[in-house]
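With chain S fixed as given, assemble chain A onto it according to the hints.
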Amino acid sequence: MAKNSIKWTKKDLLGLEELSVEEITMILDTAKSFKEVSERAVKKVPALRGKTIAHLFLEPSTRTRISFELAAKRLSADTIGVSGAGSSILKGETLKDTAKNIEAMKVDMIIVRHASSGAPHVLSWFVSAGVLNAGDGAHEHPTQALLDMFTIREKKGKLAGLNVSIIGDIAHSRVARSNIWGLTKLGAHVTVCGPKTLIPVEIERMGCHVTYDLKEAVRTADVINVLRIQLERQKKGLFPTIREYIMKYGITEDVLTKYAKKDILIMHPGPVNRGIEISQEVADGPYSVILEQVTNGVAIRMAVMFLLAQYKAGK
Amino acid sequence: MTENKIVIKNGRVIDPANKRDGIFDILVDNGLIAKIGHGLKTNGVKIIDAKDKIVTPGLIDIHVHLREPGREDEETILTGGRAAVKGGFTAICCMPNTTPSCDDQATVKFIIDTAKKHHYAKVYPIGAITKKREGKELSEIAELKASGCVGLSDDGDSVLDAALMRRALEYASSFDLPILAHCEDKALSEGGSINEGFVSTVLGLKAIPNKAESIIIERDLALAALAGAHIHIAHVSTREGVWAIRQARQKGVRVSAEATPHHLALTDACARTFDTNTKVNPPLRTEDDVAALKAGLKDGTIDIIASDHAPHLESEKDVEYDQAPFGMIGLETSFAVVKAELIDKKILSWPELIAKMTVNPARMLGLPLGTLSETMPADITVIDPDEEWIYTRDSIVSKSRNSPFLNRHFKGRVTGVIVDGRIVVEHAAMVRL
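Residue numbers (our numbering), protein chains in the order written: chain S, 1 to 315; chain A, 316 to 748.
None of these hints come from the bench; they were simulated from the model.
Fair warning: there could be bad hints in the mix.
Said to hold, decoys possible - DEER-style ranges, computed between Cβ atoms:
| no. | chain 1 | residue 1 | chain 2 | residue 2 | range |
| --- | --- | --- | --- | --- | --- |
| 1 | A | Ala502 | S | Ser83 | 28 to 36 angstroms |
| 2 | A | Leu503 | S | Gln230 | 16 to 24 angstroms |
| 3 | S | Gly84 | A | Leu503 | 30 to 38 angstroms |
| 4 | A | Leu503 | S | Gly275 | 32 to 40 angstroms |
Unchecked claim - One side of the interface only, derived from the structure: several residues of chain A facing chain S at Cβ under 8 angstroms:
| no. | residue |
| --- | --- |
| 5 | Glu511 |
| 6 | Asp633 |
| 7 | Gln638 |
To be verified - In silico DSS-like pairs for lysine-lysine, Cα to Cα no more than 30 angstroms straight-line:
| no. | chain 1 | residue 1 | chain 2 | residue 2 |
| --- | --- | --- | --- | --- |
| 8 | S | Lys236 | A | Lys320 |
| 9 | S | Lys11 | A | Lys521 |
| 10 | A | Lys526 | S | Lys196 |
| 11 | S | Lys43 | S | Lys10 |
| 12 | S | Lys196 | A | Lys501 |
Beta carbons: idealized from backbone N, C-alpha and C, even for Gly.
Looking at chain S on its own, in the form it has when it is part of the complex (with noise of 0.2 angstroms):
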């Protein structure tokens, strides 16, 4: 399928911040190949023909477990799901002890999403089969970041040189990490946008830029990546009241006319809180490529699971 020169050296993708731009790039443009399979009438490829993939969502998902499974089935990968929510610590267990049970189940690739920033990499440390984070805490959603770079770069042409705001819940957010690590190593440069209380300390040393004001945040954007807010953040004091919210980070049509670019993009991870973070009319609106990332979701998952199976193949 990917013809490229470069090998895949990683038994793992467990966040952004380990890929070099290489492996960004391999990723992008497999997914490129991979999106075509969608379309066609049978979707449907062998490249993974007779390989195992354990999907573990210990954290509630519809769209992230759904675009897993769908890339898995339509490379041909047999596919177990587990699903259930909680620590290993609720299930009486240790992360360890899952790690092993699923090893001795000889599965090729654990995908998995859990509430607990690091699960991921515990679990990689005790199984030969490759783990892909689909999500871990607060910590990275690579897949998730591949895909809004791979539909800005194809919207755009281009990621170098952009400028993206990233709005919202920053301190709770994968997304954002992910984003940050993955659009900064592409040259593109990040403004992260919020209030203060949702701003974790010392990000700039990530390489983002950050402002509380939700004009500048816009102004400068050629991309608008928007961010569910969670509601019981309001109870923990972080924000007044949804209302005051809106009024000062919602991103909405008065907002975009009055200062953004005539070519904005804007995107959302989902699950969209309409009226919230973005109004009806935005998220439905002519700028708007929320489903699009969607679509692109699968593609990039499917790239990923074809390249971390050649690792295997390669071993």
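What follows is chain A alone, placed relative to chain S:
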């Protein structure tokens, strides 16, 4: 070994309390230090050759969790006492966060009696400031003292009610008991797993800011001044904490303070691997904090080194980082770590370091230990400053193995330990008693 007489020959004897630092022989007779001098007779006595070694008063660790009663699966008074001597400590103080907590005479007596059955490190209990460590009502502090407690702490928690903390300081000082304060504003630290900073931001882990510690240090220093009481600040980890203690000392507050080896050797960057053995409370901080701790040790702001030895099972630690319990074991690495950080990096001289592990903790708690004066009990530690060794999982004497220093190479090792004239560690190995 039951030799009544032992001569430790030709060691560099460092005894800060007596301002002694030179090559001497030490004669141990009948459990006591009988004589210190040159060319002591060695006919018919056990000889320990201490040439090129350092001979010090038995080291003292005032901050140890022995887990008994309650969590004997993690550590016991026996296994903790053995781990202590393996690490060079002939006396340890155990923290009261056991189950039940050490807040009454019966528990204190149980600990002391259990420790006396064994002949490893001497164990001095720290009693709880408040009943069940709940921060609500004072324990029977005078009774705790009478039954053998040498200090008070609600370790693991601060007494968050400032009025109660003031009363505790006042009341305890009536009976000459220092309060060892664990300083943590739980509202600021709630849910946190690591230090708040760049690392916690990158890892997306809930974090504990420096101020969660320093706000309570400042409060407790102020309350100690108000109460005219002695306060000891446990495991200082922040630069703000060091500054506050330094200032309080200058103002004449009766304050002492301890730093742990791990807060001197490691930073929050160690958590980047998600190794749960790096999860400890207070959390590993930054290079700036490490530098401030070392400056505090150098100028005397921090006068004691203590391990905060906190055993946990591997099964408790083999979980998600944010779910793992806080704590790491330290007794068996404490000396080697501080030697690497403070001697090798030329922060402290040998006598300065040994003082912080012997006479200073002894004086702070009023223990009749910590010197090599003649007629004192023969609690002695022999150190080979040049011996190289690797700390392996299999070598651990403690019942738990939760150390971030596993497989680390060290230069400098405790090779011999004598408790009450009895050799318990020889050639860096436990002696079968």
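Hints breached by this structure: 8
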